[in-house]
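**Student:** Next come the chains, spelled out residue by residue.
2 protein chains.
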Amino acid sequence: MAKPGPMAKSESMAETVPTPPEIAVIGGGQLARMMQAPALALGMRLRVLAETADAPAAQVIGDHICGDYTDADTLRAAADGTAAITFDHEHVPGELLRTLAGQGYTLRPGPEALQFAQDKSRMRTKMDELGIPVPRYDVVTTPAELDAFASRSGGYPLMIKTARGGYDGKGVWTVNTSGEAEELFSMVASKPGAVLLAEERVNFRRELAVLIARRPSGASVTYPVVESIQSEGICTEVIAPAPGVTTTLADTADRMAVTIADALDVSGIMAVELFETTDGRLLVNELAMRPHNTGHWTIDGAQTSQFENHLRAVLDEPLGPTAPTSPVSVMVNVLGGRVQNLPGQRAAAWHAEPGARIHLYGKSVKPGRKLGHVTVCGEDAEHLRTRARRAAGILQDGYQTGAKQ
Amino acid sequence: MAKPGPMAKSESMAETVPTPPEIAVIGGGQLARMMQAPALALGMRLRVLAETADAPAAQVIGDHICGDYTDADTLRAAADGTAAITFDHEHVPGELLRTLAGQGYTLRPGPEALQFAQDKSRMRTKMDELGIPVPRYDVVTTPAELDAFASRSGGYPLMIKTARGGYDGKGVWTVNTSGEAEELFSMVASKPGAVLLAEERVNFRRELAVLIARRPSGASVTYPVVESIQSEGICTEVIAPAPGVTTTLADTADRMAVTIADALDVSGIMAVELFETTDGRLLVNELAMRPHNTGHWTIDGAQTSQFENHLRAVLDEPLGPTAPTSPVSVMVNVLGGRVQNLPGQRAAAWHAEPGARIHLYGKSVKPGRKLGHVTVCGEDAEHLRTRARRAAGILQDGYQTGAKQ
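From first to last, the protein sequence lines are chains A and B. Residue numbers for the first sequence follow the working numbering, so the first one is 1 and each next one is one higher. Residue numbers for the second sequence follow the working numbering, so the first one is 1 and each next one is one higher.
The calculated label-pair distances, taken between Cβ atoms and stated as ranges, are:
1. B:Asp71 - A:Glu95: 54 to 60 Å
2. B:His91 - A:Asp262: 51 to 57 Å
3. A:Lys366 - B:Asp397: 49 to 55 Å
Don't read these hints as lab results, they were simulated from the structure. All C-beta atoms in this analysis are idealised placements derived from N, C-alpha and C, irrespective of residue type, glycine included.
Please model the entire structure based on the sequences and the hints provided.
**Tutor:** Structure, rendered in structure tokens:
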């Protein structure tokens with residue numbers, strides 16, 4: 001109860017508020033956008049280098065620069081005066097990153113780490129060095145080399161991947177015959193500098209992912225291993241934790257993440273995408289050094305979100321606990337579909353699924369484009385998948401029955 | 001695994017992104033600031049009328065206007081083109097609110113509801129009408145009237161409160177003798193329009209609070225009853241749910257909140273502050289019609305935060321589930337103390353309490369001013385209080401031992 005106090009006085013806010021150091025985020029997509037919620041809670045300040053003024057992050061972060069992340073002067077303008085530079089994507093050319101680092105800017109992750117997320121060929125070579133299993137692979141420059149790789153690795157079909165620049169199923173092809181290989185080479189290999197990677201087509205049971213947050217000073221935390229369900233090369237669903245993962249398998253995945261993060265001196269979040277093969281092995285498929293689609297569930301389902309731990313790691317502050325806050329979380333992506341006005345569908349989605357945690361990225365609608373995600377937390381993975389899909393489907397393709405709460 | 005797809009193409013973001021309707025928030029304090037995290041996740045847009053450009057919400061919400069919320073033109077400028085107007089505080093004069101409503105603006109809550117949060121005298125009269133128990137009270141205009149009230153309500157000490165404008169212990173006095181009453185009257189009653197309320201000094205066991213979110217269309221959800229611990233009239237700690245509350249008491253509190261919200265046609269969040277008397281009754285002490293300090297724990301400890309449910313209610317969209325995500329959450333406020341640079345203390349606070357959920361408001365430091373809060377979620381209330389206080393203490397008054405993670 002109130003004790004004696006002075007009379008009500010209007011509080012002035014005109015005093016100087018100390019401004020905390022800024023973090024530059026290169027890239028203005030949904031990952032940068034989702035960093036803003038923990039940043040504003042924690043009193044961190046972000047400055048974004050976005051592609052356009054209506055990019056997802058530029059809509060919600062006042063301090064943004066619009067420009068080209070492949071331009072050295074633009075990058076420097078974004079970085080100047082910030083405490084550290086981090087990334088929404090891996091597309092900044094390595095030579096520019098090395099130049100920035102050489103000029104004394106603090107990059108987290110740094111260029112030496114990032115190259116392994118930028119180049120699948122270098123990544124696989126590094127995994128070989130570390131004794132971390134990857135699918136059988138080789139760099140191929142001609143159809144004949146591909147044929148040779150096929151004959152020593154179980155024959156066609158094979159996967160062909162561009163070493164650099166692929167994402168969300170782009171830059172990846174299945175090649176079924178020697179003839180298809182010739183066709184693909186004539187299409188792709190003519191691009192200057194294109195390095196092609198041939199890879200065995202792995203017999204896998206499912207795809208898993210493990211996220212690690214690592215501080216520059218070396219401390220790290222890992223999140224529970226999740227199952228990632230892909231459709232047309234795009235991650236569309238994540239089940240956290242992955243159902244039926246044995247302690248042994250979880251420990252192995254966890255150890256792989258720590259080994260890789262330490263060996264590559266990663267700072268910030270790294271996602272390790274894995275194949276669980278039909279014979280029970282784990283092979284590393286991809287590395288991403290930034291918050292990752294397979295970690296979006298952590299916003300609603302873990303004690304500390306990947307976005308918060310990324311920022312904490314970037315500033316070399318202690319990392320938060322990663323334990324789930326409910327037994328199972330399921331995340332389903334909202335892709336571009338029939339709905340043009342996604343915020344207008346929130347009410348219908350909540351009407352159908354009151355527990356749906358909705359996240360919209362403020363992007364214009366294109367078929368198949370990632371526009372948002374829905375997370376549902378609870379007990380039973382299959383039931384949660386149904387519920388999350390229903391809500392995501394309403395946001396994506398509309399609502400039929402017209403009923404209201 | 002990736003299936004055949006087109007080559008990597010750079011995605012252009014130049015298409016028009018549909019802009020969702022805006023919500024105007026009057027007041028740029030920490031409550032408006034904390035609305036921004038759910039707003040950006042949900043694809044809602046906020047526009048803030050802040051006192052100054054460095055007000056907590058103005059720092060993180062790009063679309064802000066700086067100006068005086070007691071000026072009709074400024075209010076209209078903030079409101080124009082928005083879907084609804086809501087509030088960070090209750091200080092906008094009622095006549096201005098009624099004018100805005102009369103001009104067709106959508107106020108949530110509306111002026112008819114808000115008057116009961118703005119004026120303690122009207123609120124108590126209304127509670128009497130509704131049969132909701134409040135402490136014995138009367139409006140007093142002279143020391144003689146106060147003496148008369150004292151003699152019919154158990155004598156001194158008594159509480160004196162200004163009917164309007166008090167908060168955080170301001171505008172509240174304990175009066176121990178008839179002589180003190182004269183002194184206070186000479187100081188306060190001379191202010192034009194000041195209405196003074198005399199109130200019995202309630203023998204209470206503790207203070208409780210219940211939060212309700214209500215849609216204009218009438219649906220509502222309540223949060224678990226919490227215990228609120230005050231120091232010098234400022235809420236400093238909240239334990240959620242309140243330890244040892246019987247189902248009967250919880251149901252009573254819950255019913256009171258629903259009855260009041262329905263009768264007053266509240267939209268958005270309403271906090272009902274309660275005394276639990278030593279003889280086991282619940283008395284309404286205060287109403288607030290906005291997100292409230294006793295609900296900050298919901299950001300980290302409930303399935304839907306009070307800030308999210310406030311915005312959902314303001315837009316008349318379905319409300320989210322309010323169940324806790326862990327058995328107990330404890331929130332401790334960070335007040336102005338010896339530390340000037342609070343963000344600089346995060347690392348030390350996390351080093352001491354890795355699970356501390358830190359929230360900083362970006363305010364300049366003044367003794368006793370609310371600058372942030374810490375929430376810790378877990379099992380045991382007393383243990384959590386110790387942990388949350390430790391983290392809040394480090395943010396507030398500094399760190400002694402110098403150890404690092």
